[in-house]
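Number of protein chains: 8
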Amino acid sequence: KRQGFPEVIYGEGKAIEHIGPIMGKLIDRHGKVMVTRLDAEKAEHLLGLFPEAEYDRISRILTVGKPELAFGGQVMVLAAGTSDLFVAEEAALTAEWMGCNVRRLYDVGVAGIDRLLAYRDEITRASVLIVVAGMEGALPSVVGGLVERPVIAVPTSIGYGAHLEGITPLLAMMSSCASGMSVVNIDNGFGAAYQAAMIMKLVSEGVHHESPIS
Amino acid sequence: KRQGFPEVIYGEGKAIEHIGPIMGKLIDRHGKVMVTRLDAEKAEHLLGLFPEAEYDRISRILTVGKPELAFGGQVMVLAAGTSDLFVAEEAALTAEWMGCNVRRLYDVGVAGIDRLLAYRDEITRASVLIVVAGMEGALPSVVGGLVERPVIAVPTSIGYGAHLEGITPLLAMMSSCASGMSVVNIDNGFGAAYQAAMIMKLVSEGVHHESPIS
Amino acid sequence: KRQGFPEVIYGEGKAIEHIGPIMGKLIDRHGKVMVTRLDAEKAEHLLGLFPEAEYDRISRILTVGKPELAFGGQVMVLAAGTSDLFVAEEAALTAEWMGCNVRRLYDVGVAGIDRLLAYRDEITRASVLIVVAGMEGALPSVVGGLVERPVIAVPTSIGYGAHLEGITPLLAMMSSCASGMSVVNIDNGFGAAYQAAMIMKLVSEGVHHESPIS
Amino acid sequence: KRQGFPEVIYGEGKAIEHIGPIMGKLIDRHGKVMVTRLDAEKAEHLLGLFPEAEYDRISRILTVGKPELAFGGQVMVLAAGTSDLFVAEEAALTAEWMGCNVRRLYDVGVAGIDRLLAYRDEITRASVLIVVAGMEGALPSVVGGLVERPVIAVPTSIGYGAHLEGITPLLAMMSSCASGMSVVNIDNGFGAAYQAAMIMKLVSEGVHHESPIS
Amino acid sequence: KRQGFPEVIYGEGKAIEHIGPIMGKLIDRHGKVMVTRLDAEKAEHLLGLFPEAEYDRISRILTVGKPELAFGGQVMVLAAGTSDLFVAEEAALTAEWMGCNVRRLYDVGVAGIDRLLAYRDEITRASVLIVVAGMEGALPSVVGGLVERPVIAVPTSIGYGAHLEGITPLLAMMSSCASGMSVVNIDNGFGAAYQAAMIMKLVSEGVHHESPIS
Amino acid sequence: KRQGFPEVIYGEGKAIEHIGPIMGKLIDRHGKVMVTRLDAEKAEHLLGLFPEAEYDRISRILTVGKPELAFGGQVMVLAAGTSDLFVAEEAALTAEWMGCNVRRLYDVGVAGIDRLLAYRDEITRASVLIVVAGMEGALPSVVGGLVERPVIAVPTSIGYGAHLEGITPLLAMMSSCASGMSVVNIDNGFGAAYQAAMIMKLVSEGVHHESPIS
Amino acid sequence: KRQGFPEVIYGEGKAIEHIGPIMGKLIDRHGKVMVTRLDAEKAEHLLGLFPEAEYDRISRILTVGKPELAFGGQVMVLAAGTSDLFVAEEAALTAEWMGCNVRRLYDVGVAGIDRLLAYRDEITRASVLIVVAGMEGALPSVVGGLVERPVIAVPTSIGYGAHLEGITPLLAMMSSCASGMSVVNIDNGFGAAYQAAMIMKLVSEGVHHESPIS
Amino acid sequence: KRQGFPEVIYGEGKAIEHIGPIMGKLIDRHGKVMVTRLDAEKAEHLLGLFPEAEYDRISRILTVGKPELAFGGQVMVLAAGTSDLFVAEEAALTAEWMGCNVRRLYDVGVAGIDRLLAYRDEITRASVLIVVAGMEGALPSVVGGLVERPVIAVPTSIGYGAHLEGITPLLAMMSSCASGMSVVNIDNGFGAAYQAAMIMKLVSEGVHHESPIS
Ligand SMILES: Nc1ncnc2c1ncn2[C@@H]1O[C@H](COP(=O)(O)O)[C@@H](O)[C@H]1O
Ligand SMILES: Nc1ncnc2c1ncn2[C@@H]1O[C@H](COP(=O)(O)O)[C@@H](O)[C@H]1O
Ligand SMILES: Nc1ncnc2c1ncn2[C@@H]1O[C@H](COP(=O)(O)O)[C@@H](O)[C@H]1O
Ligand SMILES: Nc1ncnc2c1ncn2[C@@H]1O[C@H](COP(=O)(O)O)[C@@H](O)[C@H]1O
Ligand SMILES: [Mg+2]
Ligand SMILES: [Mg+2]
Ligand SMILES: [Mg+2]
Ligand SMILES: [Mg+2]
Ligand SMILES: [Mg+2]
Ligand SMILES: [Mg+2]
Ligand SMILES: [Mg+2]
Ligand SMILES: [Mg+2]
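Protein chains in written order, with my numbering: chain A, 1 to 214; chain B, 1 to 214; chain C, 1 to 214; chain D, 1 to 214; chain E, 1 to 214; chain F, 1 to 214; chain G, 1 to 214; chain H, 1 to 214.
Chain A on its own, in the form it takes in the complex (with noise of 0.2 Å):
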């Protein structure tokens, strides 16, 4: 038994062989089902097989049916460069497939500072942040120190050199002086995104069945 959101399946190196059973196995038990790291040519495919699936081409997800769930609250995506879509945007879908209110804002690089700052009280009232960087990473950082919020930090490898596709980012990210700040894998816009569906989760729920405490 798989935990939570089971019906979403991890496309990367699976053959539309393998995958079109399992979509058609989840849809029939959950009514829908999401596929990440799908290429365009294989999301062809399967929308021939299952016409009414929709691909996303930027975030490489296709998905049959509709979030049962809407959290109340807003996860926000924030995302450095242009290049570093296809992150945001796994994250993005992602989130919303799960219930998320999802505010997206894009390009708001640090070497840029006004930009982002031109956003800061939208970014104030997030519940939730997803913040997304390839290069050198720096963008949570600052995020960090504008909100009293959670903020996942997704590295990207999207970057040159020094970058080592990705592995700078993501120790930068761990190494941040930025306080309430956590970190996923390299690309993984899912994982950020679960995690953050999974603290609205919480919201939505509260926390009535006390516990008693050690």
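No lab work stands behind these hints: they were computed from the structure.
Backbone N, C-alpha and C fix where the C-beta goes; we use that ideal spot for every residue, glycine too.
Don't take every hint at face value.
Stated by the list, open to error - Pairs of lysine-lysine residues, derived as DSS-like cross-links and limited to a Cα-Cα distance of at most 25 Å, are as follows:
1. C/K42 - A/K14
2. E/K14 - H/K42
3. A/K42 - F/K14
4. H/K66 - H/K32
5. H/K14 - D/K42
6. F/K32 - F/K14
7. D/K14 - B/K42
8. E/K42 - B/K14
Stated by the list, open to error - Chain G side only, calculated, beta carbon under 10 Å to chain D, not exhaustive:
9. A80
10. L85
11. G109
12. A118
13. A138
14. V142
15. G145
16. L146
17. H163
18. M174
19. S175
Claimed, not checked - Here are the computed distance ranges between Cβ atoms for each label pair:
20. D/K32 - E/I58: 49 to 59 Å
21. D/I58 - G/A40: 49 to 59 Å
22. B/E54 - D/D56: 39 to 49 Å
Place chains B, C, D, E, F, G and H with the ligands on chain A using the hints.
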């Protein structure tokens, strides 16, 4: 100015002549202060200057005053091995300081899975889980699979050889197959607790100030 | 002179013109041969030359002939994810080729611990366990804690980002807190199976030739 | 609860006030105890508390009581250089403690291949071989080529510069061209011995409880 | 012969018996000398030998004599955290020693972006900017985005865990998305100041000696 | 708002449909545009859309329009090997685009020191030096020792094996024993030229606006 | 001016339009030329232009003309595995080109030590030994222990996983316990042969021009 | 048994009780002995036991007796910086001990190329060159370009930050563009000298025993 909980001093590498006056100023302004990463020798000196202070030898945290907030729900701190306790206690004491209700569950490493599973019900009832592990850092993956709550993983510097002073569990946690999990820096119990408190604060405040959606 | 099971060819990076003749020579001498790491295209060519050969697409192993030995007991091959099967099957087929009785237990990753524990009795009855895992490589630690038998861990190249093409689970397995476990190279199902067979051969031959002690 | 041989304490980084009581409890329950990675100063203190204890300065192991089991066959411990003896002896004493019959063969590094080959007959008669080597870690490859028995390789932290505190021989052993060999963590003589004992235990118990095959 | 400013001694790892005579010789020849990376104990000895010397405990720089040059414009030294001051002061004192007019701006880390932006006008008026940062090393990117002047980034060894003793901010600064920025070695305040002074010297000398163009 | 020279597009990984419109907009606003990291195939398409554009196959830079500024002095671009020219030309063309007077000095690697020294006079007359080198990256150290001017070092991805795709010369340049030198990312000829232009702009503008000193 | 054997072109990454003319020029000046790292397709084209040329598919070396020198003694090239031959042959052909008398000894990996030792007498009679090995790179240590002659070790890129594309055997060879051995870059058969030829040239020229001693 | 020059003891990490007796035995057998990597304190003790011994504080080498051999020609030891002398002297004293005629050329780093070139004639007359360099390790490339003799490069642990305790110059030397150069481990002056002596021994013995060619 530190954001949110401004009365925390990072004691590592700071001299007493430096810490003392800042403590004084923070006590004046907030009526309380917390110093982390403070070794026993320095603590002794500061206990001389601030007799109302309390020092915890395991977490190496010194505090003056008490938390003002008291969030509902529960932050559970799990630790794999007894050598990881200094990190787990940094997390637990920080979370308590920030107003969280903390439950500790220690010495539940994955090589003795039955001990962990004996607490399964309690684990699933927690609001947020901080999972501390050195060596191969496998515990968060197992815990993440048991719950539908946010899991914050903390790799520790406890291990040797291929463990690379914590880089190995850090990378392993990043690569975890469990969803809903994010990671903070090696030995950063403080950072994990800070994020947990941000989540509990969000839960406590709720999401009433609905922002207009993009 | 090569040791032990000399009729194995490592196919990676070898041309058909190179593999064909060696196969012929080994069949002449031993009546059988096994080729590992052989892609489907090359396999097709070789099946033309050796019509009695059998090729397995998942493990990418081609064989002519059958094992002569048949050890008692059981080598269990466990795999964490379905993407790791190519390594697990390299191990399983190699172990069978060398005379082992093999039991497969797949898709038992630690993020869904119940699926693994459902097979607990069988697991504890195995003689030797080969545990294959990509991502964070946590499965061998859990399995190692369940048994008092030798565990051979195989990290796989399945994962992304912080997974470092398998270096992360390799180092994690090395750092495992479970005793009685050792590790082979990334994706080296062959090597794990070879050692498992060495163990079963020792069990089968027994330890009668007592050597004088130092 | 530690699995199998529960009476072992890992002494590294533990205080005497911590180790003493656990020792007492384990002696009560099992009549014996072994402490590894114990420096001479701590050992002295503990010898005061437990006068029946024995301490070995090279392996840094302290023991109370004797092994109950006595497996047939032979575990051979080979070491490349004299500086690697502290690891080799950790392996040898642990294996003996667990009931193995141990043969030591030290100072047989590959740069003087004749010394090693002088023992060729004995080497091929061993049941399991633990091969300890620092520097470039080449010895296990040569030994692995001489025998048809399981070889457990242990890289050591002895070396400098490009040796990277043992990471280099660890990776080299992983990449070995000899089959039937697996690797444990740097300096982990204990872990190698534990696996060797698991193998000898399997040999001693045999494989009579045939499990139904998949 | 050291180029340009020959009266500088790198004190790290040099004995007093070694430094003393070189100092004497340089004072004879140039009437002044500067020693960097000199610990307090050695400084005390040298102050005995050269009573006219001055020692700064933070930068660990000892000087005899005064700068001859006095460039116009301004070299601004910014530092992210108070723990980075030893590097910032090495830069500041070296730049002053070489004739630069130095402005210090400390404790302006990106997690509290308002403090930095409060000095925006001054920052844009600086001629050259040396930006010192440990942890994730994000400050130079933000500063680089505010100015149209050369920015020299200095990563520091202040941080822990994923910070890798400065390798992480070094790689992050290299990967920065801000243009016009270059990087020197970890903690190398001296090197950054030296380059800043080379720039101010060029500005001061002008570019009158037009060389024939290719 | 982007800083300084806003009419530059980083072409790597961008589609023509993406680049074309931005080019149009920038030409409208600034009368000119430069695209870097543009492969020949994409360039061909864009030359169709913008017939006034010019494309350089070595640097992979496409430009429309001409520099407005013309700084005095001279930026010298030195390259160690002929394989490094693609980086050297990215630097040279960018510097020219930004208004610098550029002198190229190529194929002057340190293993043939006489070729380099034949240009010694010219080298010492340059205002700023951009030194491009792959392999072991030694050239900047030698050049840095010849001049009292700012040296900007650019490691390249040209090399193999221990060269680690440029990480080795990057780290070597960072560790250089020559003063007054700083380093940019691997293959980042653009970044080096940008900083060189910032320096020439400062020289050209002078330092008349004296800011009040701290 | 290039040193020593100036008629060598490094073909990697060079276009035919680039190589052709240089070849022509070198043939004019020296009557001969050698091109290394030349793939078969480019070679075909060049054989059209230079019909007197000879191309070797394994080493990927193309030559025009013959060696002028003929040193006495013997350079022995040993290779561990058959997959390493492309490097071994680069070494062998280069050494022959430079005038050395070359003896090849292939497929003598340490996991089958008897094959190597069968040639022991010949090995000890060689003047200089080039030892080529991928995987764990253990062969040079064993050979180094057999001879009192200079040993030049060449790590190769043949291996997988923990082998790190040759970094592992490179570091292992560096850490070797055999004296009298030095190492060149991964796959650098050319460099090893060049040094071997330098040694044979020294032997051939002798050391008559005694320089006055310091 | 150590090969060739058997009377050498590696002192690092060995106790006096261990070194003393081996020294005695080697003096008995060979009339001489050399101990490397011996700290001053241990040396003092051993000088008590062996009053005829001589100890050199820089190289940390202790010797009893004199070289028997006296090769013609000249081994030149070059060192880039004065901090590298401990390695250079280990090389120089070892080479002398083995019978080489040694010329020292120190403090000739590449950032002051004139100092190096002042010795150009002498450099080209040397038979073998050992080039010692820390920091970026550029010296061997320049020297290699000046001579047609074997160059053995020795990276040192002198440097900081990006220098990675010598790994950076090691990798840089490996990637050198100068031909005829090979590399030994970090700080391994002994190993470089040993190989130089092997070369001088070959020169001295000549290559008269022509072996039959393959
Ligand atoms: N883009 C993604 N990145 C990381 N994990 C993912 C992604 N998409 C799906 N997953 C996880 O992979 C699981 C499905 O894996 P699988 O059974 O291999 O399809 C889901 O339940 C998620 O936990
Ligand atoms: N998949 C594999 N992974 C690692 N080693 C293998 C594999 N298959 C075969 N080998 C080893 O490679 C040897 C054959 O190598 P070769 O002579 O190159 O074909 C066999 O005897 C095995 O020891
Ligand atoms: N070759 C290059 N390398 C690094 N950065 C570049 C390069 N070319 C342009 N840039 C930077 O990238 C910015 C444009 O990025 P973009 O908006 O993604 O096109 C420019 O303003 C420059 O700062
Ligand atoms: N296979 C090789 N590996 C390393 N260096 C080589 C190789 N072949 C040639 N070289 C070196 O490269 C130089 C020629 O480089 P280039 O001028 O780029 O053709 C020669 O003089 C050699 O020093
Ligand atoms: Mg915050
Ligand atoms: Mg979960
Ligand atoms: Mg077990
Ligand atoms: Mg074997
Ligand atoms: Mg700027
Ligand atoms: Mg200079
Ligand atoms: Mg030898
Ligand atoms: Mg040369």
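Hints, one by one, checked against the model:
Between the alpha carbons of C/K42 and A/K14 the distance comes to roughly 22 Å, so the proposed pair stays at or under 25 Å and holds. For a cut-off of 25 Å, the pair hint linking E/K14 to H/K42 stands: about 22 Å separates their Cα positions. Distance hint between A/K42 and F/K14 is fulfilled; the C-alpha atoms sit about 22 Å from each other, no more than 25 Å. In summary, the hint linking H/K66 to H/K32 is supported, as the alpha carbons are separated by about 7 Å, within the 25 Å threshold.
Between H/K14 and D/K42 the CA atoms are separated by roughly 22 Å; this keeps the pair inside 25 Å, and the hint holds. At most 25 Å may separate the alpha-carbon atoms for a hinted pair to count; F/K32 and F/K14 meet this at roughly 19 Å. Distance check on the hinted pair: D/K14 and B/K42 sit about 22 Å apart at the alpha-carbon level, within 25 Å; holds. Between E/K42 and B/K14, the direct Cα distance comes to roughly 22 Å. Compliance with the 25 Å bound is thereby established for this hinted pair.
A hinted interface residue such as G/A80 counts as satisfied when its beta carbon comes closer than 10 Å to some beta carbon of chain D; here the least separation is about 7 Å, so the hint holds. Evaluation of the G/L85 hint against chain D yields a violated restraint, the C-beta minimum of about 15 Å exceeding 10 Å. This hint holds: G/G109 has a C-beta 5 Å from the nearest C-beta of chain D, less than the 10 Å allowed. Interface hint at G/A118: violated, since its Cβ lies 13 Å from the closest Cβ of chain D, which is beyond the 10 Å cut-off.
For G/A138, the shortest C-beta to C-beta distance to chain D is roughly 3 Å, which falls under 10 Å, so the interface hint holds. For the restraint placing G/V142 at the interface with chain D, the shortest Cβ-Cβ distance is roughly 5 Å, inside the 10 Å limit, so the hint holds. Among the interface hints, the one on G/G145 holds; its C-beta lies about 4 Å from the nearest C-beta in chain D, closer than the 10 Å criterion. Interface hint at G/L146: satisfied, since its Cβ lies 7 Å from the closest Cβ of chain D, which is below the 10 Å cut-off.
Evaluation of the G/H163 hint against chain D yields a held restraint, the C-beta minimum of about 4 Å falling below 10 Å. Interface hint status for G/M174: upheld, as the beta-carbon distance to the closest one in chain D is roughly 4 Å, under 10 Å. At its closest, the beta carbon of G/S175 sits 4 Å from a beta carbon of chain D; the interface hint therefore holds under the 10 Å criterion. Distance hint check: the CB atoms of D/K32 and E/I58 are about 57 Å apart, consistent with the given range 49 to 59 Å.
With their beta carbons about 58 Å apart, D/I58 and G/A40 fall inside the hinted range of 49 to 59 Å. B/E54 and D/D56 have their C-beta atoms about 43 Å apart, which keeps the hinted 39 to 49 Å range intact.
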